[in-house]
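Novice: Single-letter residue listing:
2 protein chains.
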Amino acid sequence: MAEILKGKPVADAMIARMRETADALKANGTEPTLCVVRVGERDDDLSYEKGVIKRCEQVGVTLRQLILPESVAQAEFEQAFSAVNADPAVHGILLFRPLPKHLDAERIRAMLDPKKDVDGWTDGSLAGVYANQKTGFAPCTAQAVMELLKFYGVDPKGKRAVVIGRSLVIGRPVSMLLMHANATVTTCHTRTVDVPALARQADILVCAAGVMKSVTEDFTNPDQIVVDVGIHWDEEKGGLSGDVDFDRVAPCVKAITPVPGGVGGITTCVLLDHVLAAAAN
Amino acid sequence: MAEILKGKPVADAMIARMRETADALKANGTEPTLCVVRVGERDDDLSYEKGVIKRCEQVGVTLRQLILPESVAQAEFEQAFSAVNADPAVHGILLFRPLPKHLDAERIRAMLDPKKDVDGWTDGSLAGVYANQKTGFAPCTAQAVMELLKFYGVDPKGKRAVVIGRSLVIGRPVSMLLMHANATVTTCHTRTVDVPALARQADILVCAAGVMKSVTEDFTNPDQIVVDVGIHWDEEKGGLSGDVDFDRVAPCVKAITPVPGGVGGITTCVLLDHVLAAAAN
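Read top to bottom, the protein sequences are chains A and B.
Per numbering that gives the first Met the number 0, residue 0 is the first one in the first sequence, and the count goes up by one each step.
Per numbering that gives the first Met the number 0, residue 0 is the first one in the second sequence, and the count goes up by one each step.
None of these hints come from the bench; they were simulated from the model.
None of the values given here were measured: they were computed from a predicted structure.
Be a bit skeptical, because a hint or two may be false.
Interface residues of chain B toward chain A, partial, derived using beta-carbon atoms under 10 Å [what the hints assert, rightly or not]:
| id | residue |
| --- | --- |
| 1 | Arg18 |
| 2 | Ala126 |
| 3 | Gly127 |
| 4 | Val128 |
| 5 | Tyr129 |
| 6 | Gly135 |
| 7 | Val161 |
| 8 | Ala182 |
| 9 | Thr186 |
| 10 | Cys187 |
C-beta atoms are modelled at their ideal positions from N, C-alpha and C, and glycine is treated no differently.
Make the full structure from the sequences, and use the hints.
Specialist: Right, here's the structure in full:
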C-alpha cells in the first residue's frame, strides 16, 4: 500500500512559517491585505472563499471583500475594481472566475496589476511561469503541487514527470514548474494517443484532466508518486473524489495524495504566501 | 534513405505569399517597415542581418537600421531606441542579442512595444506563446519549425514529439507550439536521464540542444521526422553542421532537415511574416 501524502502537514508547516512573516511585516508597519472580488453567489466561489477567509485568520492576513451582483455592468465593475487595483493598502487580488458571460474578462485581466495578481492570471504571471522569471505569480494549485513534493522530499531533478491536462490554471503551469525543477516533463491532453502507456513511464504523475476517477491502475508503476489535482462531487460515494480512482491506484504505487485531504488545502496557503510576497515588495 | 526536408521550397512559398500581402498593404497606403537594431559588429549579427536585408528586398519590406557602437551608454541607447519604438512608421523591431554586458537588457526588453516585438522577446510574446493567445509573436526559429512541418504535410496532432533543449528562443517555444498543434510533447534538457531512450519514442524529434552532431542514430526510429535547429561551424568539414550527425542519422529515419539548407532560411521569412502582421494591425 502506498504512502499517503496528506496536504494538512504541508499546510500546517506553511501556515506556521507564514504567520511569522505576517508578524514581521506588521512590525514594520505593513498590514498584509488580500481583496477577494466576487461577482454573484456561485457555490464553488462561496466554498473557496470560505477556505480563504479561514486561512487569512490563521496566518494573520487582512481580508477585504468586493462583492458585486451577478448583473453588474462592465463599467460599474471596472470602476469598483479599479479602486481596489489602485489602492496601495491592497497587496493581492483574488478574482473568482469564470466571470458572468456579459462581462469582458480580457479587459479586466489587462487591468489587473501584475504585482497584485496572486492567482497568476495576467500576462506578467503567464510570462513568469513560462520563462521562470520573477514577474507575477504562478497559479496557486500548480504551485501547491510543488510545495507538496518539496515537503515530502521529492526532488523532481532528473525524474520523468507526466502531467495529464494542459489547462492554463494547472496542467500547463505545473508542467513548467516541474521542468524548472529539472524534471523531464511530458504533458498529455485530450489528443494524446495512449495516455496510460505514457503515464506508466512517470516517476511523478500529476493528474489534472478534470475527469473523475479516470486514472486507474493501468496508468501506474510501483515506484510512482501520484498527485491528484481533481476535485469532483462523487454521487455514488456521497463525497469528494479526484481524477484518480484511489482505491484501485493506491495499492499499485509508491505514494499518492488523497482527495479530499491532498493538494486542495495547500492551494489557499500558496495564495496567502503570494499575498505576503506582494506585501513585502 | 530519408526524405530530405529542405527549407528553400518552404521559404519560396512564404516569400510568394508575403509579397502579395506587402503589395496589398502598400496599395492601402501602409509601407511595411522593419527596423534592425544592432550594437557593435559581431560576426553572427552581421551574417543574420545580411540574410534579413535580402529577405526584405525579396518580400518588399522596407528596412531601417539603427547601428550603435559597442561602447554605447545605456541612456544613449535608450534615447535612440525609444525613437524607433515610438515611430508609427516602424512596424517591427529586431534587436540583436546578446547585448554587450554593460547594457541593461531587462530594461530594454521592458521598453519594447509588444506589438513591434517581431522576434518574441517581451513578456507579451512569452505569454502569447505559452497561453496560445494573440499577444506579441513567437520566436522566429520556433515558428520556422512549425512552418516547415506544415509545408511538408506533417500534422503534429496526436503525434509524440520530443524536443531536445529548453531555451527560451527555441526549445521551450517550439514545445509549446507543438502542444498547441495537439502533439504530445516531452521536453528534454541537460538534466534529462537517457535522452536517446526518450528520443527513440518520438514521431517528431526537434534537436535544439546546441551541441554539434550530438544526435546520433541511437536517438532515432525508422518512422521518425527529425528537425535539426542547430547551426555550428564544423572545423573538420570546413562548413556548417547541425545538432544532428546527418550522415549517421539520415539512413535511419523517415525524413530529416539538412544543415545548412533546412530550418535556417525559414527563420527570416517568419520574421518578415511577423512584420507584415504587425503592419496590418
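Novice: Compare the structure with each hint and give your call.
Specialist: Hints, verified against the model:
1. Annotation: Arg18 (chain B) was flagged as interfacial toward chain A, and the flag is violated, the nearest CB pair being 33 Å apart, outside 10 Å.
2. Here the hint on Ala126 (chain B) is kept, as its CB sits about 4 Å from the closest CB of chain A, short of 10 Å.
3. Taken as an interface hint, Gly127 (chain B) checks out: its beta carbon lies about 8 Å from the nearest beta carbon of chain A, inside 10 Å.
4. At its closest, the beta carbon of Val128 (chain B) sits 8 Å from a beta carbon of chain A; the interface hint therefore holds under the 10 Å criterion.
5. A cut of 10 Å between beta carbons decides the hint on Tyr129 (chain B): the least distance to chain A is about 4 Å, and the hint holds.
6. Annotation: Gly135 (chain B) was flagged as interfacial toward chain A, and the flag holds, the nearest CB pair being 9 Å apart, inside 10 Å.
7. Proximity of Val161 (chain B) to chain A holds as hinted, the smallest CB-CB distance being about 9 Å (cut-off 10 Å).
8. For Ala182 (chain B), the interface hint holds, the least distance from its beta-carbon to any beta-carbon of chain A being 8 Å, beneath 10 Å.
9. Hint on Thr186 (chain B) holds. Least Cβ distance to chain A is approximately 6 Å, under the 10 Å limit.
10. Taking 10 Å as the C-beta contact cut-off toward chain A, the hint placing Cys187 (chain B) at the interface holds, the least distance being around 6 Å.
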